[in-house]
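Going line by line, the protein sequences match chains A and B.
Just remember that my numbering sits 3 ahead of the position in the first sequence, which is counted from 1.
Just remember that my numbering sits 257 ahead of the position in the second sequence, which is counted from 1.
Careful: at least some of the hints might be erroneous.
Unchecked claim - The calculated SDA-like cross-link candidates involving lysine to any residue, where the alpha carbons are at most 25 Å apart (straight line), are: (1) B:LYS319 / A:ARG33; (2) B:LYS319 / A:PRO64; (3) B:LYS319 / A:ARG139; (4) B:LYS319 / A:ASP47; (5) B:LYS319 / B:THR329; (6) B:LYS319 / A:ASP63; (7) B:LYS319 / A:TYR40; (8) B:LYS319 / A:GLU29; (9) B:LYS319 / B:ARG330; (10) B:LYS319 / B:GLU298; (11) B:LYS319 / B:GLN331; (12) B:LYS319 / A:THR202; (13) B:LYS319 / A:GLU39; (14) B:LYS319 / A:LEU181; (15) B:LYS319 / B:ALA308.
Stated by the list, open to error - Sample of chain B residues lacking proximity to chain A, with all beta carbon distances greater than 10 Å (derived): (16) THR264; (17) LEU265; (18) THR303; (19) ALA314; (20) LEU318; (21) LEU332; (22) VAL406; (23) THR416; (24) ASP421; (25) ARG432; (26) GLU435; (27) VAL441; (28) MET495.
Don't read these hints as lab results, they were simulated from the structure.
C-beta: ideal position from N, C-alpha, C; glycine also.
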Amino acid sequence: MHGGAQQRGQRRWRAANDDVTLTPEELLARVALGDEYAFARLYDAFVDRIFGLVKRVMRDPAQAEEVTQEVFLEIWRTATRFDSSRGSVVAWAMMLAHRRAVDRVRSAQASTERDSRVASQQVTPFDSVSEEVTGRLEREQIRRCLETLTALQQESVTLAYYQGYTYSEVASLLGSPLGTVKTRLRDGLIRLRDCLGVTV
Amino acid sequence: MNADIHTLTGAYVLDALSEGEREAFEEHLARCLACADEVRELRETTAYLAAAEATAAPRDLKSRVLAQARETRQLPPDEGPIVPIKGRKWPLRITTGVAAAGVVAALVFGIQVGLTNQELSETRQALEQTEQAYDELAEVLTAPDARAVRVEDEAGAVTVVHSDSRGKLTVIPHRMAEPPEDHVYQLWFIDDDAVTSAGLMTDMDRPMVGDVADPAAQLGITVEPAGGSDAPTTEPVMVISI
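Please model the entire structure based on the sequences and the hints provided.
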């Protein structure tokens, strides 16, 4: 066949980069080798979740965009250091995103600003999701599972994760003892884990 | 297992701990297998909470992210970003340097120095490696904003040269006491809210050089079990402001 080697090479290249069945684990392994195409694919797979999460925590869309960019750069730079024994790629990426958003919120806010934010913020669970994005099934599943939590568990988990509050801030917001909030966060997540069937 | 600290697994994966609590918990986590398992499972669970908030991102963000990645070097797959300078018998002690210079002169001017072929090829190799290491070290040392800090205590002395503009840092140990058997000195970047491994100091005579991940306030050195730890397990023997 004429140019057979090149064609085979071409096909392999396409298979490597356009195969929709590649898992985040496989993509990240390629990203760690400096594969920009794999990185673009990983971006496509994660961007809605990362941007949505960061925006939920930070509120400000412009800042959320900036932080999302930082998160992806961190994924790119540290892909070589990813340790699969500590969890999945998606959990790692969401952890990077959440930490960065929370760090930014906590450090950016002067204590007075923060106090007024704590005082004025209403609890607004699950109302800010754009409907045009994919993953509706996953969202419905998580919402259904959140409904299995007690109201106090749900409230505590939501305030901590989506508003970026520390558990002591959650305790003062809800007027609950610290120990109770600690336990609620853990028990709430355990119940969610069981409902979602999360295994590692 | 401390039952009280164990209940922090939930708050930990939700990033709902204060800085001090996070450090204390991570220290505990390094030694508590049951906690590590639970943290893994609960961490996976939080990924679902993130998915529930998925929102379409601005379209032009992708091209910016990809362009920035293209211009950004990835970290090498190491224990930490700061690694010992490679090369035979680095550091270039003055005597080695003089000897090497002598060999260079001999090679250039064709002076008979009576080296065997084996010795000659080893010398060439050492020179090449030294040159590469020197380039990287020189990059830090010659940066206009290079700042050197020297710290000395009972563990020994260390000079740290740091350049923000180059995003690099070099650690030069002097007379560091050998760590206890089956232990190693580990370097850490210490920031307001995070401590990340910066690498292992495996050779007390060898300068280390590498990238600074994010602007960190301090570099700490602890004694860790051989192979290093994910998080510091002992009090630092040295803390250097950078």
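Which hints from the list above does the structure break, by number from lowest to highest? 10, 12, 14, 16, 17, 18, 19, 20 and 21
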